[in-house]
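Peer 1: Listed below are the residues making up each chain.
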Amino acid sequence: MSDSLAAAPLAPAAPLTPTDWKADAMQRRIRRRYAAERRFRLIGLGAVILSAAFLAFLLVTMLGNGIRGFTQTEIRVEVDFPRSTLVLDPAAIEGFGAQAALAEADIEGIVLAAAEAQYGNLAPGLLSDGAWLRVRSRIAADPAMLNRTEVFWLPVADRIDVAAKGTGAAEAEAVYAQLRGAGAVRTGFNMNFLTGSDATDPTMVGIWGAFKGSLLTMLVTLALAFPVGVLAAVYLEEYAPRNRWTDFIEVSINNLAAVPSIIFGLLGLAVFLNTMNLPRSAPLVGGITLALMTMPVIVIAGRNAIKSVPPSIRDAALGIGASRIQVVFHHVLPLALPGILTGTIIGMARALGETAPLLMIGMRAFVATPPGGFTDPATVLPVQIFLWSDEVSRGFVEKTSAAIIVLLVFLLAMNGLAIYLRNKFERRW
Amino acid sequence: MMTDTIVNDALERRPDLQDGMPKMTARDVSVFYGDKKALDSVSIDVSREHVTAFIGPSGCGKSTFLRTLNRMNDTIVGARVEGSILLDGEDIYASAMDVVQLRARVGMVFQKPNPFPKSIYENVAYGPRIHGLATSRSHLEEIVERSLRRAGLWDEVKDRLSESGTALSGGQQQRLCIARAIAVDPEVILMDEPCSALDPIATAKIEELIHELRGRYAIVIVTHNMQQAARVSQRTAFFHLGNLIEYGDTSEIFTNPRETRTKDYITGRYG
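Just so you know, the sequences run in chain order B and Z.
For the first sequence, numbering that gives the first Met the number 0 gives the first residue as 0, with consecutive numbering after it.
For the second sequence, numbering that gives the first Met the number 0 gives the first residue as 0, with consecutive numbering after it.
Just so you know, the hints here were simulated from the structure itself, not pulled from any lab data.
Some hints could be false.
Derived DSS-like pairs (lysine-lysine); straight-line CA-CA distance at most 25 Å [said to hold, decoys possible]:
#, chain 1, residue 1, chain 2, residue 2
1, Z, Lys117, B, Lys423
2, Z, Lys204, Z, Lys117
3, B, Lys306, Z, Lys117
4, B, Lys306, B, Lys423
5, Z, Lys157, Z, Lys117
6, Z, Lys157, Z, Lys111
7, Z, Lys111, Z, Lys204
8, B, Lys306, Z, Lys111
9, Z, Lys204, Z, Lys157
With the hints as extra help, turn the sequences into a complete structure.
Peer 2: And the structure:
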């Protein structure tokens, strides 16, 4: 109040000398300030460059190795069916019994014989172990070819494939050079890698099985973690009273977010597999386990997003008679949604790259067919990468890198979706 | 909180529910934030046909008291209200009173314009929609137009109802908030320093609007600006340090205050 201010005794005035803004000390201070700012900017720039370099290094290495994983070398094999030893009636392949007829016929034998006839002493170990399967499926699709001579492009064996990409043994490279000179090989995009599943032969492996496994697992994770996480965040922020219990819950959730993922795997093994007897290696169990891990991340992100909604919006809605639940669902959640989605995607991205907990619940099995549903045995992308990186055969190196590229593209797509959704729902106030 | 005896007591004092009786009656209202007493035993009648202004220095409890009138203090953790507040003789703190309906009947306009980050139309239509006041889409459009007209905003926004409410200027936003409040057809409108974030021209428009709304709604306005209180209100209450110092006709308070504290504040000796 002005009365008391006026009554306050003034401090005795110090003798005032005008500040000399041109003095040496002043100039030095200015120089130091400029130097400090320059230094800080350089350090910041250095940090950005360093992280960009790490990222570039990762991408270049992965792409350099991985691109070759998407290509495949094929060899030309001509099979003269009428003159081969194959005993198979085209009519038998139509209708029922087709599978049995194909299974009984020694297709592998005639393919190997045809290769030997064409390439002589080079033939042993030229074709991939699974090459004849491609011939079989072609016959099944077009039985009429059994009456004529047909040209097949079949995947070459691992060692030739590696040689074609310039990293093979000297002897294999010599064979490849000879074949190339004869125009008997070609290198093209490996469609099988995108549509197939795990196999023992690196030339026959595909990523689709693991990709689908990841997709199914993520669906389960999202379906559980998102609603539970968001509702928990809403309850804790908007409804729960502030007391020792809610403090305790808050601390617990924060701790849960920091628990090492392998612990969640052990929990999944003990609870879901041993106690509840859910199927082993299934996306269902993997998804539930990862949901436990993702939920606290969503709760924390959700609470922060809800907290950042301005209270004036709540007041406005309450002021015209909206109920608590209407305030939350009509106003608070839509405004908090971008933040919640960002947190969810971060949690999901972490779950997508998670390996350890899934190893514990048996998702590291060799699964040669893509999972048909949530309870079928499956593996996921990071586990597939882990499994392939462990293989001895040289051909798996580039398949591992190729799988990493697929995983990164998956992650990139998820982040892209998050950014799209965030921009779509973002509103200014 | 309320006990039955207090209700009866208050009703005995004003047994007949006729038009001459006040719209809202507060008796011995005290508000606590935790252990701190923010408001001490305030008793006021809010007139049905007049504009009532609450004035006083910062922290005097005038906004706190305003927020007890539609129970907005319920949302503040640790806030506690004692005494009785009646709306048309009905205790608003009784368990039978539905707080959601109360806030529709006693609307509020806030210090900072706070339109929803939705379209202008949606801002006004939201209240009628959640309370089921519109029978059809065209009826809802009618309500929106009427509310915007009453708030003096219709001519400015009629061609851009689908634009965001937050894109309007500060003064327009505040009139949009008033339109939003009157769209649910309240009986009382509480205004908490509605012009403190606005420039003089926008302020003049809001004051004009308050004049026009007077009589249709009981209006209570909290203001820092004494000239504003003198311009828009017929009744003025002066608060200081959580106490109601003086309450009476605005002309009386400004020309011939009974209390020296009121006189000191009005003449600008503190505040």
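Peer 1: Hint check: Lys204/Z vs Lys157/Z, CA-CA at most 25 Å. Holds or violated?
Peer 2: Holds: Lys204/Z and Lys157/Z sit about 18 Å apart, inside 25 Å.
Peer 1: When you check the alpha-carbon spacing of Lys157/Z and Lys117/Z, does it fall within 25 Å?
Peer 2: holds (16 Å)
Peer 1: Does Lys117/Z sit within 25 Å of Lys204/Z, going by the straight-line distance between their CA atoms?
Peer 2: OK: Lys204/Z and Lys117/Z at ~24 Å, within 25 Å.
Peer 1: Decide if the proposed pair is consistent with the structure: Lys306/B and Lys111/Z, CA atoms, cutoff 25 Å inclusive.
Peer 2: Holds, at roughly 19 Å.
Peer 1: Is the straight-line distance between the alpha-carbon of Lys306/B and that of Lys423/B 25 Å or less?
Peer 2: Satisfied, since the Cα-Cα distance of roughly 21 Å is no more than 25 Å.
Peer 1: Given the hinted pair Lys117/Z and Lys423/B, is their alpha-carbon gap at most 25 Å?
Peer 2: holds (14 Å)
Peer 1: With the threshold set at 25 Å, check whether the alpha-carbon distance from Lys111/Z to Lys204/Z stays at or below it.
Peer 2: holds (16 Å)
Peer 1: Does Lys111/Z sit within 25 Å of Lys157/Z, going by the straight-line distance between their CA atoms?
Peer 2: Roughly 23 Å between the alpha carbons, so the hint for Lys157/Z and Lys111/Z holds.
Peer 1: Is the hinted pair Lys306/B and Lys117/Z satisfied, with a Cα-Cα distance of at most 25 Å?
Peer 2: Answer holds: Lys306/B to Lys117/Z is near 20 Å, not above 25 Å.
In this structure, none of the earlier numbered hints is contradicted; all agree with it.
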